[in-house]
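If you read the protein sequences in the order shown, they are chains A and B.
Residues 0 to 434 in numbering that gives the first Met the number 0 are what the first sequence lists, from first letter to last.
Residues 0 to 581 in numbering that gives the first Met the number 0 are what the second sequence lists, from first letter to last.
Honestly, the hints are just simulated from the structure, not real lab data.
Every residue, glycine too, gets a C-beta built ideally from N, C-alpha and C.
Just so you know, not all the hints are guaranteed correct.
Unchecked claim - DEER-style ranges, computed between Cβ atoms:
1) A/A121 <-> B/Y303: 58 to 64 angstroms
2) B/A102 <-> A/A48: 42 to 48 angstroms
3) A/E63 <-> B/A348: 53 to 59 angstroms
4) A/E71 <-> B/P314: 56 to 62 angstroms
5) A/E71 <-> B/R299: 50 to 56 angstroms
6) B/P389 <-> A/E71: 38 to 44 angstroms
7) B/N184 <-> A/A19: 55 to 61 angstroms
8) B/V161 <-> A/A19: 55 to 61 angstroms
9) B/A80 <-> A/G20: 53 to 59 angstroms
10) A/D381 <-> B/A80: 50 to 56 angstroms
11) B/Q131 <-> A/V40: 53 to 59 angstroms
12) B/A80 <-> A/A48: 34 to 40 angstroms
What the hints assert, rightly or not - The following residues of chain B were derived to be distant from chain A, with all beta-carbon distances above 10 angstroms:
13) Q401
14) D425
15) E452
16) R486
17) G542
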Amino acid sequence: MPIATTRDAPAISHRFHSAAGEHLLVVPFSRIFDIPGHDAVALDADPDALRALATSLGQIAPGEAALDQIVEPEPQSISLNISSSCNLGCTYCYADKGSFGGVQSAPMTWPIAQAATDRLLAVAQRDRPITIGFLGGEPFANRALIHQTVNYASAEGHRRGLDVRFSVTTNGTLLRPADLDLMRGHPFAVTVSLDGAADVNDTQRPMRNGRPGGWALATARVSGLLVDPGQAKLAARATVTRHDMDVSARLRALVDLGFPEAGVAPLRGAPDEAGALREADWTVYLHELIRASRAELARLRRGLPVRLTNFAVALKQIHRGACSPYPCGAGGGYFSVSAGGRWYACHRAIGDPAFEMGSSDGLDTVRRRRFLEDRHVHAQTDCRTCWARYLCSGGCHQEAASRTAESCDFVRGWLEFCLAAYCELGGGQSGGDKR
Amino acid sequence: MTDDTRSKLLPRNVAALRRFQDPAAAPREVTGNPVMTRLESGIGNCFPGLECDLRNLERRFFPFLEIEINFSVAQGIMQVAAVDLPGVEAAAGNGGLPAADAANYRTIAQDLRNGAGWVVSNIAGDFGPFKQQSFNPDDLTGTSFGNQRLPPEPWAAVRTLVEGAPVTLTLVRRPAPGTITLTANRARYLDDTGALARMFQPGELTQSLCSPWTHDFRDCACFYWASNHPDIALPPLPAPPPAAGDPRWELATAWERADRSVATPPVATQTGSQSVPEIAHHAINRDWQLLNFVLERRERISDYAPTRFNAVPLPNQAALLAQLRYAAGVEIAAMQEYLTAAWSLRPAAAQPEPLLGDLTAAFDEMLRIAIGEMRHVRAVNDVLASLSPPGGFTPALAVAAQVPGATIGSIRPVELRAATKAAIDDFIGLEAPSQSVDGLYGRILETLMQSPETTEQQERVQTVRTVMAEGQDHWETFLAIKEWLGRHAEADYLRAPNLQGPPQNNAAHQELQRRYVGLLERLYSGYQQGIPKGAADIAAARGSMLGQGGLQGALDAVAAGPFLVIFDPIADPRFAAIQPPP
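Next up, chain B with everything else stripped away, as it sits in the complex (with noise of 0.2 angstroms):
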C-alpha cells in the first residue's frame, strides 16, 4: 500500500461520493493509536484516574532506567527497578553512549539480577518552576514553599525535569558500598508524531488504574467535589464539645489536613503562603476513610441531629406580597450599596503583592455579590408573578429605604459607601441572618410553606430557598474579604482617603443615572411581559450592563474622578424609595 491512498481511492457509487461530502470527515492516514486511545478522549481530569496513570511516563524519566517510586521505603524512595540492557548495548555499539556510561549500567543490571539494589541519593537538574536544583529525594518534606523551595515529593519533582535538559543521578548500591554518577537528558515520552516512545511496553500506561478513585480528592481541589467533599471545612467538634462560640473552632481548616487528631483546635486553613500540610497522594490512597463527613460546613464525628426551620407566617396574601416587595428593594439596595463599595477599590493591576490578590479577590467577589442580588431581584419578582392573579403583576423595582442591621430586628438606613472596614462589618451584618427565622425571607418561607402543595407552590419555596442559600454564601464570602481587605490600611487600597460622591453637574455621574434608569426600564418592561415575551428586554438589559458602553464603563468613569459612586434617588414611582412593611 502506498502512502498516497486518498489521491487513488476513486468513490464509484453514490454511498461511496457521500463519504466525502464532508471534508473534515474525510478518511486520511494517521500515524499513531486511535484517537480513542489518546489522553485528550479521555473523560477523567487526573491521572491516575479513569484511563491512565501518568507515572508510568514518569518511571521512565531517564535513559535506560526504569525506577520506582516507593513511599513505604524510608530510605531510597527511588529505586532502580530494571535496566534496559538491549538499549544500552545497542547505543554503545553505535557511539550513543560512553563505554563507562555503558559499564556502569551493565554492574546495575548485574546487581538487580543478583538481588542487590540500587536507589537514587541524588537528583541534579533543570527541575522547570524549581529551576535548577540538586536534592536528594528522601529529604523531600510534602510541603514546599518559600524562595529556593524544593518540589514537596519525588514524584512532583520528576514530573518537573525539563525534557531534553541534562540530568544527573547519583546512585548508591543497596547494600553499601558502590556508587554510580550517571548523567544523561531527560528522556522524551512521545515521538516526533505524538506517539508514546518505543520504550513503553503495550499496556504500561494502563498498568497501575487500581488506584482508588479518591486519589482524585488530593488533585481536585478549587471546590470540584460536592459541597460533602469540600476543600476547607470547620473542624469536628471533640467531646465533650467546647464552649459555644470558641473561635478556636469556628476557623476552617483544610479537609485533608494530614494531622487527624481532634482534641485540638487544628491548624486553621490561612489564604496567605502557608498552608496546612494535607494527607500525600500516595497516602490518600490508604486512608481515605479517614475523611470525615461535612454537614453544615463543619465535619461530623458524631451523630447529626438536623436544625429545625420555624419562623411565623405572615398573617395574609397582602403582607406576604408586600414583604416580597420590600424584599425585592432591599436586594436593589444592597446591590447599590455593593456595587459602591466595590468600585472604591484601587484597581487591583497597578498594585504590588500582596495587595494586587487581596484587591482582585475583594474586587470579583463584591462584584459577584452584586450579580448574586441582581438575581434575587428576578427570583423575588417571579414569585411576586406567580402569586398575581393574571394580568395583576407589577414588577418590584422599586429600590429599600433602609435595610436590616447588624443585630437581629434591626434596620439602618441605605448608605452608599467606600469599602471601609465598618462597611464590610456592615455588609457582613445585612447577610448574616439570612438563614435564620428572622431573616428578610424567613417568614415569606414561612408563609409559602404553608400553602397548598402544588407545582408552583414548589417552584416558589425553592425559589426562596436558593436565595436564603445564597444569601449565606454571600455573609461567608464577606468574612473573607473582611479578611483580605483587614490586613491592608484603607489608604492602601481605597481609591482616596474620605471618598465622596460626585457633584450633581459632574457629567459622567450624569451619564451613570441615565443609563442605570434605561436598564430599570428594559428590566421593568421585561417583567411585565414575563417569560417569554419579555425575555428580548431582559436580554438587553442585562447586555446594557456590559462593557464601557454600559453601566460598567459608566461605574468606571466615575470612581476614575476619584469619586464614590452615586445612585441617585429616582422620583418615578416605579424605581422610586419603598419603606419596609409594618
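Just chain A, same shape as in the assembly (with noise of 0.2 angstroms):
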C-alpha cells in the first residue's frame, strides 16, 4: 500500500508576498496574515515549522462552520426555468437556446411556478433574504409569468413578513418599458448578457433570425433602465471566448454603455468547441484579466469603485475571508426549477438526472445528500490538496469535466494576484472595510 507523505497531504498554507510584504494564507477558514521578512525566509525554509504554525492558526473560531460537515440547508434561492426558447442564437449557449436538448420544450406555466414559489416561501429561512431569479432561454419570451411571479411572491412575502428578492438574467431584446416598471418596482438583480462592443456581441450572439443589430436592439432597450434603476441592480455579463480574450476592451465597452459594473467569464468546453479557451489559452486570459483589474485597482485607490466584477467578488471574498466546500449553492441552499416543475441542483443540469432532486412536493433527500457528497470539494482528488480548495472549492460542477491543469494554474494565478491585491490595498489589523 503507497504510504502517504506531506507531499500527498492536503495544502494547509499558501506563502505569497505582495508590494506590501510578505504573507501567509492560511488555506482552512482563508485567514491571511502579514510575516515579517526575516520569519518569512526562515518559515520557508522550514516546512515543518509553517505547518505546525499554519495548523495552529487554521483552527477553528467561534461562528465557523466546520469544513468537512455536509450542510443541507432548506432552500433560499430557486431560480424558474421559465421560457423554453430565445431569440438569440448564441453559440456557446449551455441550454441549447432553453429547450435543453429537447428536454424542456414548452414554457413554465403558472401552476408550476406558483407550486415552486409557495414552497420556497414555505420552507426558506425567514430571517434571510429569499431570491426567486428566471431564467431561460430567453426569461422575458414568457413575461406574463416574470409579472405574475414577481407580483405573488411580492404580496405573499408582504403578507408573511419575508424579504423576497428577484434576479434576471436577460440578453435584453424583448425588454419593453412595462418589464423596466416591474424591475424598478422590487429588489431586482438584473444581468445583462452582452459580450461586449457591438462587433462582438453580435458575432458571439447572432439574432436566430438572421437580422443584424441585436446590440443595438439590447442596448436601446435596457438603457432606460441604465438611467432610472430604482431598485434593480444592473450588470453587465460577457462571455470571453480564444478568439478575443481582451477584457478591458469588454469592460470598457460595457461601462461606456452606463452599466456600473461588467463580469466576465471564459468559454470552457471540450478543445473542439468553437471558442472555448485551450491550453495555451489560459496564460492569455490570466494576463488579460489581471491587465484590466490593475486597472481597477488604480480607480480603487482613487476612491473609485471597482468596475469589474469578478475583481469586486474576489476583493470581497478575501477581505471577509470566504471558505467553502462547494464553488456554490446548487443542491445545498439553491435550486432550479424546470419548466415542467422538476427541481434540479442547478440551472445549468435541467434535464440532467444526475441532478434532478424533487418537485415542489418536495425533495429527494438521499439523492441530493449522495449529490452534495460527491461534489464535496475534499472528494475530489484534482483539489483536495489544492491550497486554493476553499476558495475556488472546484469550479462550477458543470465544468468540471472540462478542469485541466492549465485551466486550474489560471485559477490559482488569478487567487494570488487578487490576494496581493488585497493585502497592497491596506487595511490590516484594524479590520476596518476600506473597500
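Join these two chains into a complex; the hints should help.
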C-alpha cells in the first residue's frame, strides 16, 4: 500500500508576497496574515514549522462552520426556467436556447411557478433574504409569467413578513417599458448578457432570425433602466472566447453603455468546441484579466468603485475570508426548477438525471445527500490537496469535466493576484472595510 | 523562525482577526508532544489500558539500564534487558559517572552481548509510602500488610520509588559468579517541559498495549464494573449443594480471589485489615476466563434457573391506592427512624481507629439509606399521581404509624430510637422482605403488572421495581452496618447510654419540628403541582434540608444535647399518622 507523504497531504497554507510585504494564507478558513521578512525566510526554509504554525492558525473559531461537514439547508433561493426558447442563437449557449436538448420543450405555466414559489416561501429561513430568479431561454419570452410570479411572490412575502428578492438574466432584446417598471419597482438583480462592443457581441450572439443588430436592440431597450434603475441593480455579463480575450476592451465597452459593473467568464468546453479556451489560451486570458484588474485597482486607490465584477467579488470574498467546500449553492440552498416543475441542483443541468433532486412537493433527501457528498471539494481528487480549494471550491460542477492543469493554474494565478492586490490595498489589523 | 511568533503575525483579513476572538484559543508555542498524545487527553483510567502502558516508563527507573520484570521466572524476576552504553560513555566522559560504575555498566553490557544475564537480587531505596526499604524483589508475596510492610510486587515497588532519591541495586550474574552493586538516583521520566525524557524511544510507551483489557478488572475496583463483574460476590455452590442456608456459603468473598477451588467455602472477604489474596495483575491477563459469572449476587458455575415472581394482586383500584399511600407513609417512617439512629452515633472525627472508620461508614450509609427513602416517597407519589384522574391527586405525605416487622406478615409500631444493636436488627427486618412477594410492594407490583400495557403502566412498573431493588440494597447495607458497629460496645459508639428525646420546650427540638413541617409543606405543594410547575417547590424542599440553616443543622443541634432526635406527631391531617390498610 502506498504511504502518504506530506507531499500528498492537503496544503494547509500558501505563502505569497505583495508590494506590501510577505504574507501567509492559512487555507482552512482563508485567514491572511502579514509576516516580517526575516520570519518568512525562516519559515520557507522549514516546512514543518510552517505547517505547525498554519495548523494552529487554521483552527476553527467561534461562528465558523467545520469545513468537512455536509450541510443540507432548506432552499433559500430558486431559479425558474420559465422560457424554453430564445430569440438569439449564441454559439456557446449551455441551455440550447432554452430547450436543453429537447428536455424542456414548452414554457413554464403559472401553476408550476406558483407551486415552486409557495414551496420556497414555506421552507426558506425567515430571517434571511429569499431569492427567486428567472432564467430560460430568454426569460422575457414568457414575460407574463415573470410579472405574475413577481407580483404574487411580493404580496405573499409581504403578507408573511419575508424579504423576497428577484433576479433575472436577460439578453435585453425583448424588454418592454412595463418590464422595466417591474424591475424598478422590486429588489431585482438584473444581469444583461452582452459580450462587449457591437462587433464582438453580434458575432458571438447572433439573432436567430438572421437579422443584424442584436447589440443595438438590447442596448436601446436596457438604456431606460440604466438611466433610472429604481430598486434594480444592473450588471453586464460577457462571455470571453479564445478568439478575443481582451477583457479590458470588453469592460470598457460595457461601462461606456452605463453599466455600473460588468463581469466576464471564459468559455470552457471540449477542446474542439468553437471558441472554448485551449491549454495555451489560459495564460493569455489570465494576463488579460489581471491587466483589466490593475486598472480597476488604480481606480480603487483613487476612491472610485471597482467595475469589474470578478475583481470586486474576489476582493470582498478575500476580505471576509470566504471559505467553502462548494463553489456555489447548487443542491444546498439553491435549486433550479424546470419548466415541467422538476427541481434540479443547478440551472445548467436541467434534464440531467444526476442533478434532479425532486419537485415542489419535496426534495429527494437521499439523492441530495449523495449529490452533496460527491461534490464536496474534499471528494475531488484534483482539488483536495490544492491550497486554493476553499476559495475556488473546484469551480462550476458543470465545468468540472473540462478542468485541466492549465485552467487550474489560471485559477491559482488569478487568486494569487487578488490576494496580493488585497494586501496592497492596506487595511490589515484595523479590520475596517476600506473597500 | 524566531520564538516570538505571536507578536509578529499581523492578521489582515476578517477571517484572520476572527481566529483571535477567543483569547483562550489564541495560538502560542507549545513545547513537547501534541496535546492529544498526552496522558491527560486519554479516556482510559487504567494503565496498561487504552492509551499507554506506564510500566514502560518504569522499565527505565535506573539510569542507563532497561529492566524487564518477568513473573514467569522464579528467581530473578527483575532482569537487565539492555544497557545504554552511549549514555554511559557520555556521562563518563564528562565526569558525570565514576569510572568504576562505568566499568560495571560495560561489564553487564558485554555479558548481555555474550548471552549471559544479570538479575536484581536486592533493591534498596526510598519507596515512598513504604518508606526506606531493602529487599530481594523475588521475595515479594503479592500482598502487603502490617507495619514495615513491603510493596506487594516488583512493579508496585518500582512505581513507589521517589524520583531523584538514591537507589542501590545489587545485581548478580546468571550464570554465577558475579556481583555488581550500583547506586544512582531514580531516573526522571519527564523533562523540565513535561515531555517524555529523551531516554524513551518513540513508541515505547505504547509498545505493550496487547495486554488484555481484562487487566482492568484488577485495577478498577470499588464497584467500577457492572454488577456481573463485582468486587465481591457470594461463592459458587459446589455439587451437590450444601444444606440451604449453610452460613459458610452465605458470606461474600473476593470475585478475583487467587484460590479458585470450589469444594470448600472460600475465605470470606472481611472489611478489616486483612483481605483475600487476589489473582495477580500479570496472572489475570492469562487467567481471566476463570472468573465466574455473577447472577443475583452469587457466582454461577452451573445452569441458572431464574425464580418466578408471583404475588396476589390487590382486589381493586381503591385498594391499590390505599396500599400505595401506606407505602409512602412507611418510607417516611423509615426515614425518620434512620435519621434518629444516624444522629445517635458519636461524631466520628474525634474517635480512634478502628472506631473512626466504622462510625464514618455507618453514619454515611445510614444517611444514604434515609435519602433513599426520601426518593422512594417521591417515586410512590409519582405513581399515585399517574394513577389519579386529572386534578384528583392528593400528595401522600402522612407518616405510617406502624411498619412491617422482622418476620413476614408481622407489624410493629414506629419507634424513634438510637442505633442500638437491637434497632439495627429491626432495620434489617424492615428492609429484608423488600424483594419478596410478601413485602410492602409485592402486591402493588403484581397489580400494576396485570393492568394493560401502556407507556404509563410500564413507567409505574419500573418505578416500583426500582424501589424494591433499592430496598434490597438497603437490607444488604444494614447487614454491613451491623458488622461494623457490632465489633464495638454500644457505649463506645453511641453519643450517650440510654439516649432520650429532648423535653418539649427544648429550643433545638422546637426548631427541628418547625423546619421539618416547613419542608413537608413545600414538598406537598410541589407534588400537588407536579412537574414542571412544582419543580421550584421541590427544589426548595431539597435545599431546606442542607446546611446548618437547614434540617441538617437542626438535627445536629438536637443531637448535641445529647438528645435523641424526635419527630413529633403532626396534627395537620396531610402529615398525620396513618394506619396500614386492612
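Cross-check of the supplied hints:
1. A/A121 <-> B/Y303: 58 to 64 angstroms: Since the Cβ atoms of A/A121 and B/Y303 sit about 59 angstroms apart, the hinted range of 58 to 64 angstroms holds.
2. B/A102 <-> A/A48: 42 to 48 angstroms: With Cβ atoms ~44 angstroms apart, the hint holds.
3. A/E63 <-> B/A348: 53 to 59 angstroms: Holds, at about 54 angstroms.
4. A/E71 <-> B/P314: 56 to 62 angstroms: holds, 58 angstroms
5. A/E71 <-> B/R299: 50 to 56 angstroms: holds, 51 angstroms
6. B/P389 <-> A/E71: 38 to 44 angstroms: Given a distance of about 42 angstroms, which is inside 38 to 44 angstroms, the answer is holds.
7. B/N184 <-> A/A19: 55 to 61 angstroms: holds, 56 angstroms
8. B/V161 <-> A/A19: 55 to 61 angstroms: Roughly 58 angstroms apart at Cβ, these two residues keep to the hinted range, so it holds.
9. B/A80 <-> A/G20: 53 to 59 angstroms: holds, 56 angstroms
10. A/D381 <-> B/A80: 50 to 56 angstroms: holds, 51 angstroms
11. B/Q131 <-> A/V40: 53 to 59 angstroms: holds, 58 angstroms
12. B/A80 <-> A/A48: 34 to 40 angstroms: holds, 37 angstroms
13. Q401: holds, 63 angstroms
14. D425: holds, 61 angstroms
15. E452: holds, 35 angstroms
16. R486: Holds, since 60 angstroms exceeds 10 angstroms.
17. G542: holds, 35 angstroms
The structure is consistent with each of the numbered hints, conforming to all of them.
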